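S.K.: Residues per chain, in single letters:
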Amino acid sequence: MTTRLNSREDLLSLYGDLKHLADEKLEILHSKRKIISVCSCTGCASQDSLLIVEELNKHIQERHMEDTIEATITGCFGFCARGPIVKIYPDEIFYVQVKKEDAGRIIDAIVHDTVVEDLLYKLDHHDHAKHQNDIPFYGKQHRIALHKAGLINPESFEDCIATKGYQALAKALYEMSRDDVIEEVTRSGLRGRGGAGFPTGKKWSFAKASYADKKYIICNADEGDPGAFMDRSILEGDPHSVLEAMAVAGYAIGADEGEIYIRAEYPLAIKRLRIAIKEAEEYGCLGDHILGTDFSFHIYIRYGAGAFVCGEETALIHSIEGHRGEPTLKPPFPAVKGLNGKPTNVNNVETWANVPTIILDGADKFASIGTDKSKGTKVFALAGKVNNVGLVEVPMGTTLREIIYDIGGGIKNGRKFKAVQTGGPSGGCLTEKDLDTPIDYDNLVQRGSMMGSGGMIVLDEDDCAVDIARFYLEFTVEESCGKCTPCRIGNKRMLEILNRIVEGEGTLEDLDRLERLAETIKDSALCALGQTAPNPVLSTLHNFRDEYVAHVVDKKCPAGSCKKLVAFEIDKSLCLGCGMCARNCPVEAIKKSDQPVKNPRLMAYEIDTDKCVRCGSCLSVCPAKPKAIQK
Amino acid sequence: MRTNEEMFAELDAFIESVGNSPSEMIAILHTAQGIFGYLPMKVQKHIADRIGVNVSQVYGVVTFYSFFTMQPKGENVISICLGTACFVKGSGKLLEACENYLGIHNGETTEDGRFTITTLRCVGACALAPVMQINGKTYGNITAKDVPGILETYMKKEKYDN
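The listed protein sequences derive, respectively, from chains C and H.
Just so we're aligned: 539 in the numbering used here is position 539 of the first sequence, and the numbers increase by one with no gaps anywhere.
Whatever position you read off the second sequence (first residue = 1), add 631 for the numbering used here.
Everything labelled a hint here was simulated from the structure, so no lab data went into it.
Just so you know, not all the hints are guaranteed correct.
As the list claims (entries may be wrong) - Below are the DSS-like pairs computed for lysine-lysine, each with C-alpha atoms no more than 30 angstroms apart in a straight line:
no.	chain 1	residue 1	chain 2	residue 2
1	H	676	C	483
2	C	58	H	768
3	C	591	C	556
4	H	724	C	556
5	C	99	H	776
6	C	412	C	100
Here the structure is a predicted model, which is why all the values come from computation and not from measurement.
Isolated chain C (complex conformation):
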């Protein structure tokens, strides 16, 4: 039965009662119990990780070992490339790519105090990494926003309390004045993790300074950058930290209501938030008279409906009010006139997730991590042509080289690194020359990109810079709300020019036109979506101008990715005459020639370029080494 917590003492005493749940896992408390934690976030869950938990429990029950072994779900470990991940506490044994059929062997190994070797991460041909920290992927990471993901069961309030949940809120309510809280957050140097990097403490102080009978706190969980999923992982792995942080901010600025604006495409995060809010309210950590004080704070969930522009705070507020999510001019800022015309403070999920640690451990500790002007850590969604795709949290100031090579394990299939795209549709490309730049807000902007929400897409030599720019622009054109002319019409014209270029119909003048248009849109669009939309184009034009020139002058795509500009041919001296290409050609464009190959009984093949649809099927099946089919 739930007992309401009526004071800070109640909370601390419950913490005392439940502390063992975390201590057992962290080996602070020695016990014989083993806890098998299985990642249950979207990435692993879509590979049936929940069935693994079921299967494990079945084995545990069959062997009547419920008292000594427990299998449970947990949040994201970040190592999505090797999912589903299973970790055994307190031994810290870390299994990768586990299938439900492995459940029996995992339990066997626990019983016999051994490990299932083939489920461990392979370091090289001989060695395995037994523990999480032996894996290079984790070597340079430092988890603050994600520190509970992978440790706790996100659907368990007990686990939350056992890991000091709601103690930051208790500290704020019982020990600190409203100004103290804001001062602490300001001193920590925390900046908005949603993109622009505005100092969080300053934002809160503006909202506090506004006088009104009602104020709001909003959590922006409308993660729209295609390829970024840290907000979702935080909400799926540790929803209480976000709720607690919103309540702390509510106390600081004088708000009694919080709204979480979340994408409807995140059903699991929504489910876990619902459970978390309900339990926190039952225990008196949210709702009326929190922890026996005069402070009341209610949190509601609001659904987004798929509009990238709603990540912009004024657009988001209009969407919560039930309107089209169109941005409005600032000022007035939301801190003065926001939701329902009342002062409102909007922060992004990852920003919120840092707040409890700052309040509980102090601003100085947080500020000791990072660079001069960017403090703390940043979570990046590392994806694209990199070996270890996943979620990585590193201190600000880590270099791209460390992220891509040390953590990410380098480029897939030994291909050559070309660029990394940060900041999603608002950001730009960073190339070889930027690999050793410490990453922080200011360095990225200086190099023509931006932090954005933390998407980090690695591109290799097979990716065409023009096509990537076109991809992002297509996205912004689709997502433009249409309110202001520069974004609605300007970006569309830019996209048309880019389409011409990848189709081989561009001219050199088009490149100048692109640049002029891009600068105009940057200067004149209404909101951040429009103002930053030309960034991918400008950045690729700046870094890969020769590639653009090759498209418009030589009518060639150096990366070999723009279909209209690629011609396939067969090098008859390399052809084996096996006919694989001809059998796999969907349009029968490949025929035998009259030239024999090494084996004189077989003839070399050739491609009829007029019939060829440039699908690349022939290239992918050609068994000759080196391949006889060439772009």
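Knowing the structure of chain C, use the given hints to seat chain H on it.
M.R.: Relative to chain C, chain H alone:
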């Protein structure tokens, strides 16, 4: 199959539970789409009446957000992820393969009402890129060649079900 009246009654119950408030429009539309599968004009008019706004306002919201649709969807909804991670790993080819196999374009439904092809932006399973979802089930790390095989299992399934 539920009758129209039952579906409208369920919608009305929800609208009342949120106090017939226009500021709850998006939540109401989510619920309505959940009940009817899509948002035809008839439903939009009904909602406008209940919350006391012009139908143009409801229409404005429906057409603004990509999640809302005014077209009924097929029994099997194929969603291909066109997020950046999937895009660079060739999800465009998956889309092409689906379009070729079913003979319809992105956003369309087959004549027999069995399949709809849609695209979405990032399901967050970037490690599995390129990703395709059918009725919420995720297929990761696939190539255009795997598409016909996967779709065939859904075609067969229905034959047996019928």
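S.K.: Which of the numbered hints above does this structure break?
M.R.: none
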